[in-house]
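Per this note's numbering, the sequence shown runs over residues 1 to 99.
Any given hint could turn out to be false.
[As the list claims (entries may be wrong)] Between beta-carbon pairs, the in silico distance windows are:
no., residue 1, residue 2, range
1, Ala12, Met46, 53 to 59 angstroms
2, Ile45, Ala12, 46 to 52 angstroms
3, Gln73, Ala52, 23 to 29 angstroms
4, Ala36, Val76, 34 to 40 angstroms
5, Arg86, Ser41, 38 to 44 angstroms
6, Met46, Pro22, 57 to 63 angstroms
Derived from the structure by calculation, the hints contain no laboratory data. The model shown is predicted, which means the values in this text are computed figures rather than measured ones. Every residue, glycine too, gets a C-beta built ideally from N, C-alpha and C.
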Amino acid sequence: MSAIGSIGLTLAFLAPLPPERPERPARAGGHAWAAALVIGSICLIMVVPMVAIWSFHRPEGGFRARCAALGGQVRVHALDGSGPLRCEQDGRPVRPSPP
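Make the full structure from the sequences, and use the hints.
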């Protein structure tokens with residue numbers, strides 16, 4: 001090691017210590033519910049319309065047109081409106097041809 005390097009190393013150990021860092025102040029809690037409410041409402045506002053649009057645009061328009069062309073009526077046999085649609089004419093099932 002050169003003389004300049006040893007002088008620098010010696011001076012580094014002889015230098016005064018830096019002052020201690022003060023402790024961080026405690027955070028004021030209790031506002032996390034507001035952030036959760038804002039983020040949750042944004043998610044809800046974005047997801048609900050997507051689900052609604054997806055559910056209303058089921059590919060049933062062609063089925064309804066083919067059923068009406070055969071003189072039948074589209075019936076939904078589930079109480080909540082889900083499930084397969086059926087084409088009936090005077091209580092008898094009619095099978096429209098696929099597109």
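Which numbered hints fail: 2 and 6
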